[in-house]
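**Student:** As a plain string of letters, each chain reads:
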Amino acid sequence: MPAEYRLILKHLDEPGYEPTLACYLRHGGYSVLRRILALEPKVSPEGKTLSPQEQLRQEVSLSGLRGRGGAGFSTGIKWSLVDRKSGKPIYLICNADESEPGTFKDRQIIHKDPHQLLEGMVVSAYANDVHLAYIYIRGEFPQGAKVLNQAISEAKAAGYLGKNILGSGYDLEIYVHRGAGAYICGEETGLIESLEGKRPYPRIKPPYFPAVLGLYQCPTIVNNVETLCAVKHVIEMGGAEYAKLGTPNNTGTRIVSLSGCVWRPGYYEIEVGKATLRDLIFDPAFGGGLRDGRKLKAIIPGGVSAKVFKAGEKVKLKARNADGREVEQEVDVLDLPYDFTSLIAAGSMSGSSAIIVLDDSVDIVEALANISEFFAHESCGQCTPCREGSLWMAKALHRMTHGEGRAMDADYLARIADNIPGGRTICAFGEACSWPVQSFVAKFKEEFVAKGKADEERRSASRQAADVPSAP
Amino acid sequence: MAITSSPTDPAKVSPADVLTVTVNGRPITVPRTQPDWEGRMVPTTMIQACEAAGVTVPHYCYHPRLPVAGNCRMCLVEYGVPALGPDRQPLRNPDGSLIINKSPRPAIACATPVSAGMAIYTDTPNVRAMREGVLEFLLINHPLDCPICDQAGECKLQEYSLEYGQAASRFVETKVHKPKAVDLGPRIMLDDERCILCTRCIRFTRDVVKDDALGIVNRGSYNTIAAYPGRQFDNNYTLNTVDICPVGALTSKDFRFKMRVWFLKETKSVCTSCARGCNTLIGSRENVIYRLTPRDNPEVNQSWMCDFGRLNYKWIGREDRLREVRARGSGNTGWTGALGEIARRLRAAPQGCVALIASARLTNEELYLLGLLARHLGAMTDSIPRTGDFDHILVQADKNPNSAGARLLGLAAEPMGSRLPAIADGIRAGAIRTLLVFGEDVTSRGVNADLLARLETLVVSDVLPNPTTAAAHFLLPGCAAAEKRGSFTNFQGRVQRFPKAVEPPGDARPEAEFLADLVTAVTGQKWPTSIEGLFNHMASSVPAFAGLTWAALGDLGRSVAT
Numbered sequence: 001m002p003a004e005y006r007l008i009l010k011h012l013d014e015p016g017y018e019p020t021l022a023c024y025l026r027h028g029g030y031s032v033l034r035r036i037l038a039l040e041p042k043v044s045p046e047g048k049t050l051s052p053q054e055q056l057r058q059e060v061s062l063s064g065l066r067g068r069g070g071a072g073f074s075t076g077i078k079w080s081l082v083d084r085k086s087g088k089p090i091y092l093i094c095n096a097d098e099s100e101p102g103t104f105k106d107r108q109i110i111h112k113d114p115h116q117l118l119e120g121m122v123v124s125a126y127a128n129d130v131h132l133a134y135i136y137i138r139g140e141f142p143q144g145a146k147v148l149n150q151a152i153s154e155a156k157a158a159g160y161l162g163k164n165i166l167g168s169g170y171d172l173e174i175y176v177h178r179g180a181g182a183y184i185c186g187e188e189t190g191l192i193e194s195l196e197g198k199r200p201y202p203r204i205k206p207p208y209f210p211a212v213l214g215l216y217q218c219p220t221i222v223n224n225v226e227t228l229c230a231v232k233h234v235i236e237m238g239g240a241e242y243a244k245l246g247t248p249n250n251t252g253t254r255i256v257s258l259s260g261c262v263w264r265p266g267y268y269e270i271e272v273g274k275a276t277l278r279d280l281i282f283d284p285a286f287g288g289g290l291r292d293g294r295k296l297k298a299i300i301p302g303g304v305s306a307k308v309f310k311a312g313e314k315v316k317l318k319a320r321n322a323d324g325r326e327v328e329q330e331v332d333v334l335d336l337p338y339d340f341t342s343l344i345a346a347g348s349m350s351g352s353s354a355i356i357v358l359d360d361s362v363d364i365v366e367a368l369a370n371i372s373e374f375f376a377h378e379s380c381g382q383c384t385p386c387r388e389g390s391l392w393m394a395k396a397l398h399r400m401t402h403g404e405g406r407a408m409d410a411d412y413l414a415r416i417a418d419n420i421p422g423g424r425t426i427c428a429f430g431e432a433c434s435w436p437v438q439s440f441v442a443k444f445k446e447e448f449v450a451k452g453k454a455d456e457e458r459r460s461a462s463r464q465a466a467d468v469p470s471a472p
Numbered sequence: 001m002a003i004t005s006s007p008t009d010p011a012k013v014s015p016a017d018v019l020t021v022t023v024n025g026r027p028i029t030v031p032r033t034q035p036d037w038e039g040r041m042v043p044t045t046m047i048q049a050c051e052a053a054g055v056t057v058p059h060y061c062y063h064p065r066l067p068v069a070g071n072c073r074m075c076l077v078e079y080g081v082p083a084l085g086p087d088r089q090p091l092r093n094p095d096g097s098l099i100i101n102k103s104p105r106p107a108i109a110c111a112t113p114v115s116a117g118m119a120i121y122t123d124t125p126n127v128r129a130m131r132e133g134v135l136e137f138l139l140i141n142h143p144l145d146c147p148i149c150d151q152a153g154e155c156k157l158q159e160y161s162l163e164y165g166q167a168a169s170r171f172v173e174t175k176v177h178k179p180k181a182v183d184l185g186p187r188i189m190l191d192d193e194r195c196i197l198c199t200r201c202i203r204f205t206r207d208v209v210k211d212d213a214l215g216i217v218n219r220g221s222y223n224t225i226a227a228y229p230g231r232q233f234d235n236n237y238t239l240n241t242v243d244i245c246p247v248g249a250l251t252s253k254d255f256r257f258k259m260r261v262w263f264l265k266e267t268k269s270v271c272t273s274c275a276r277g278c279n280t281l282i283g284s285r286e287n288v289i290y291r292l293t294p295r296d297n298p299e300v301n302q303s304w305m306c307d308f309g310r311l312n313y314k315w316i317g318r319e320d321r322l323r324e325v326r327a328r329g330s331g332n333t334g335w336t337g338a339l340g341e342i343a344r345r346l347r348a349a350p351q352g353c354v355a356l357i358a359s360a361r362l363t364n365e366e367l368y369l370l371g372l373l374a375r376h377l378g379a380m381t382d383s384i385p386r387t388g389d390f391d392h393i394l395v396q397a398d399k400n401p402n403s404a405g406a407r408l409l410g411l412a413a414e415p416m417g418s419r420l421p422a423i424a425d426g427i428r429a430g431a432i433r434t435l436l437v438f439g440e441d442v443t444s445r446g447v448n449a450d451l452l453a454r455l456e457t458l459v460v461s462d463v464l465p466n467p468t469t470a471a472a473h474f475l476l477p478g479c480a481a482a483e484k485r486g487s488f489t490n491f492q493g494r495v496q497r498f499p500k501a502v503e504p505p506g507d508a509r510p511e512a513e514f515l516a517d518l519v520t521a522v523t524g525q526k527w528p529t530s531i532e533g534l535f536n537h538m539a540s541s542v543p544a545f546a547g548l549t550w551a552a553l554g555d556l557g558r559s560v561a562t
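Top line first, the protein sequences correspond to chains A and B. The opening position of the first sequence corresponds to residue 1 in this note's numbering, with each subsequent residue numbered one higher. The opening position of the second sequence corresponds to residue 1 in this note's numbering, with each subsequent residue numbered one higher.
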């Protein structure tokens with residue numbers, strides 16, 4: 001029986017739970033911080049002396065934790081890439097620019113349990129010798145920024161933050177920086193530019209890998225809100241124990257934002273891969289099925305930039321059978337375990353773990369037009385394919401949803417979209433804006449063609465009615 | 001555009017400093033690091049390796065003298081790196097060639113460093129498709145107003161359209177409209193619809209000029225280049241943005257709508273507005289100069305020049321240019337008569353009775369001839385210092401283009417102009433009876449009209465009228481640098497030659513030409529009349545120029561010890 005597994009969300013919806021330090025402390029808060037500050041150097045089985053920081057980083061590596069922001073990159077590897085020999089300060093940035101449409105998980109933590117995030121940040125900062133950290137929060141979360149600032153001042157007053165934390169000699173300042181309303185600020189190098197006070201133009205990589213040349217050209221770690229909270233639990237449980245949650249290579253828990261045409265939209269924390277898309281959409285513990293007896297039409301499985309799944313779509317997955325041989329298995333998309341690897345193998349991604357459910361009342365062209373309008377509005381405009389392509393697609397879709405469609409528009413759209421992704425752009429926005437178009441058009445081509453054809457026929461009929469000679 | 005030169009002396013390059021990559025299958029060895037736009041040594045990039053292999057990678061935003069932006073995506077190439085075995089050694093095919101793991105994703109050649117054994121592919125169907133895609137994107141919102149665009153003929157959009165463009169447009173949406181004919185500053189107009197947002201102008205202005213004047217406003221396809229609100233785009237280097245703008249977005253108020261660029265004859269030249277001697281191209285048609293643009297010289301001006309120098313050409317075509325030879329109170333007219341009479345008087349002049357003021361705006365060759373004359377006559381000589389504002393980019397305080405030449409050739413006093421009072425005193429005392437003035441108005445420099453009136457003979461050569469030319473007994477119309485050949489020695493001691501771009505007006509003649517006649521007539525010795533001959537003669541007799549030849553100066557000049 002699939003069920004929620006609340007680790008990060010454990011207390012925050014409990015009656016009476018408040019975003020205050022006192023409440024957090026009552027629930028065992030900052031005990032992990034106390035523990036790590038007391039860590040002593042340890043000799044590893046290989047005879048190497050490990051500093052407390054190295055021990056913490058080792059636990060995170062061991063946990064298999066993958067970034068919860070969207071790319072699913074290994075947190076342990078991200079931390080291991082940090083240039084620790086440059087002599088420059090290392091910065092930690094919490095990416096709280098949660099703006100992928102359909103995603104509303106980080107704000108729950110920020111609003112309801114800010115100290116959990118702060119503790120996760122202090123632990124992560126300590127593990128990486130960071131003395132200055134930022135929380136970059138999107139401009140549309142003014143309340144979140146207020147809550148965080150309140151939490152920071154409480155934590156500082158109580159010695160959990162600031163100078164000489166809990167008498168350990170370790171200093172850490174955390175500042176909240178509010179964005180000004182741009183999706184691209186969630187891209188880590190765009191975020192860094194914005195934090196530096198510039199236009200959030202993502203940086204070219206190479207050479208500007210944040211781990212080496214990040215904020216102010218110093219080594220920088222950018223982690224998502226949920227990831228930093230997970231670090232706290234990794235350290236609390238131990239990396240090996242944490243890795244037992246979820247499935248291999250997809251460890252731990254994840255908060256899923258479920259929205260769209262289901263009975264119970266909301267956020268659900270699950271063990272990664274321990275629930276399928278079918279569970280999440282139909283199980284009474286989660287979405288509870290489609291509303292009003294509607295039929296499932298499509299699933300956007302990881303925020304709007306993820307490629308869409310069509311209801312009834314079969315995908316081939318590699319699995320191991322009983323004797324350990326690898327076999328290809330055909331499964332219905334609904335039976336995909338909700339994790340990182342299966343969804344990528346199925347040609348999409350779990351992205352920011354935002355599932356948007358579309359039922360048969362949805363006009364698929366309208367849905368894509370909505371998504372494309374968002375991306376055209378949010379493209380930073382730095383590099384050519386994304387700047388021009390995102391608006392071109394949005395304009396074509398706007399035309400198609402305003403009675404000016406053509407039967408050929410499906411191919412027209414696909415050809416535009418094909419020129420944007422695959423490393424043609426500076427950042428992943430190129431993929432984000434073109435994947436939905438590519439997948440919607442490929443999987444629902446007949447709807448695009450039918451809509452265009454209907455428009456053409458209607459236009460032709462009205463021309464005849466007006467006795468206007470048609471163009472040669 | 002020349003890529004900053006790589007170490008060329010093979011003897012100085014150790015194997016550790018170079019690596020070999022292949023470009024479209026052809027091996028090419030390149031240095032591991034090369035200077036970036038600031039001269040810092042950074043890893044060699046794909047685009048530099050391709051350039052070294054003779055393969056041009058199309059690009060808009062990349063400029064070797066600017067920080068890399070990587071935004072136009074036109075230089076996307078495919079590449080691979082050698083496959084490694086378990087021993088971390090590269091795996092090889094039976095024929096010994098490296099097995100290449102081709103990257104699934106392309107890379108921008110302008111920003112991606114090369115590594116040993118890397119294979120770069122610039123001519124695959126995928127690369128071609130990517131270039132076509134980028135070009136199409138750049139053109140969908142472009143106004144396609146080539147017939148009225150000043151950039152036409154030297155536009156990168158046009159250039160690449162030829163190779164990667166499509167004959168028919170499939171764009172059926174409404175184009176994005178943006179501001180047109182934006183008055184960005186006193187010398188610059190901007191058409192935002194033509195702009196492809198490569199940010200070259202922003203980077204040049206911010207990083208080279210250190211003036212954070214330009215930026216982008218709005219978002220996505222509506223991005224628009226703009227000056228800081230309420231501020232003019234006005235520094236002494238703004239017109240360089242017109243040069244580096246790969247399209248017709250930024251245009252020069254001075255040049256726009258004046259001439260189609262394909263009618264312009266381009267002559268390599270050297271700017272005369274200060275001692276820097278920025279290398280230039282003079283664009284002229286039918287003897288009229290329409291524009292000056294900078295010509296790349298890594299040792300002198302890189303790719304830039306100042307706005308003042310660029311626009312300081314209009315006097316060349318002035319109506320009141322001196323065009324006739326004048327010999328006051330003498331029956332002799334024309335060049336032959338005037339030069340004959342001047343020679344007669346100079347031959348008759350006693351030693352020490354002649355003084356010569358030679359402008360440091362004259363060429364080395366002219367100054368060399370004047371030096372010969374002065375020594376023959378025992379004449380006191382000097383030049384006139386001319387100073388003004390300077391900056392830390394190009395502009396020198398010394399506004400003479402050839403002060404170094406005037407010093408090296410012994411005409412200028414040290415400090416320059418310090419012998420002018422002695423010359424004035426000599427005239428006042430009657431010791432100096434003959435004065436030769438080449439290219440200067442001396443009346444504002446202590447040798448006033450009253451003094452000039454005391455002279456027996458005043459020979460003046462110049463290009464524009466002034467009180468000194470008005471007082472001349474003999475007036476010899478000379479040429480602007482653009483109207484003659486010659487060389488200048490800049491403040492670094494770099495000797496830079498320039499050919500003739502346009503014809504002089506009326507009877508005006510290059511100074512070196514008539515001076516050679518005059519010196520021959522006065523000294524009785526034959527002097528070379530060609531610029532090559534004069535220069536080589538000077539190089540063989542003036543130690544500072546030893547070892548130089550006219551031919552060896554090339555387009556970029558050569559240094560002398562100053």
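Among the hints, erroneous ones may be present.
As the list claims (entries may be wrong) - Covered by chain B, according to a simulated footprint, are these stretches of chain A (three or more residues, beta-carbon under 8 Å): (1) 342 to 356; (2) 386 to 396; (3) 421 to 434; (4) 458 to 467.
Stated by the list, open to error - Quick list of simulated restraints, FRET-style, between CB atoms: (5) A/A461 / B/C146: 52 to 58 Å; (6) B/P147 / A/L81: 49 to 55 Å; (7) A/P41 / B/D212: 56 to 62 Å; (8) B/G388 / A/K198: 51 to 57 Å; (9) B/P147 / A/A461: 27 to 33 Å; (10) B/N24 / A/S86: 34 to 40 Å; (11) A/K453 / B/R128: 52 to 58 Å; (12) B/G85 / A/S361: 54 to 60 Å.
Simulated from the structure, these hints should not be mistaken for lab results. Source: prediction; values computed, not measured. Ideal Cβ positions, reconstructed from N, Cα and C, are used throughout, including at glycine.
**Student:** Each hint: holds or not?
**Tutor:** The hints, checked one at a time:
no., hint, in the structure
1, 342 to 356, "violated (count 0)"
2, 386 to 396, "holds (count 8)"
3, 421 to 434, "holds (count 5)"
4, 458 to 467, "violated (count 0)"
5, A/A461 / B/C146: 52 to 58 Å, "violated (40 Å)"
6, B/P147 / A/L81: 49 to 55 Å, "holds (53 Å)"
7, A/P41 / B/D212: 56 to 62 Å, "violated (48 Å)"
8, B/G388 / A/K198: 51 to 57 Å, "violated (36 Å)"
9, B/P147 / A/A461: 27 to 33 Å, "violated (40 Å)"
10, B/N24 / A/S86: 34 to 40 Å, "holds (37 Å)"
11, A/K453 / B/R128: 52 to 58 Å, "violated (33 Å)"
12, B/G85 / A/S361: 54 to 60 Å, "holds (58 Å)"
The structure fails hints 1, 4, 5, 7, 8, 9, 11 (numbered hints given earlier, in ascending order).
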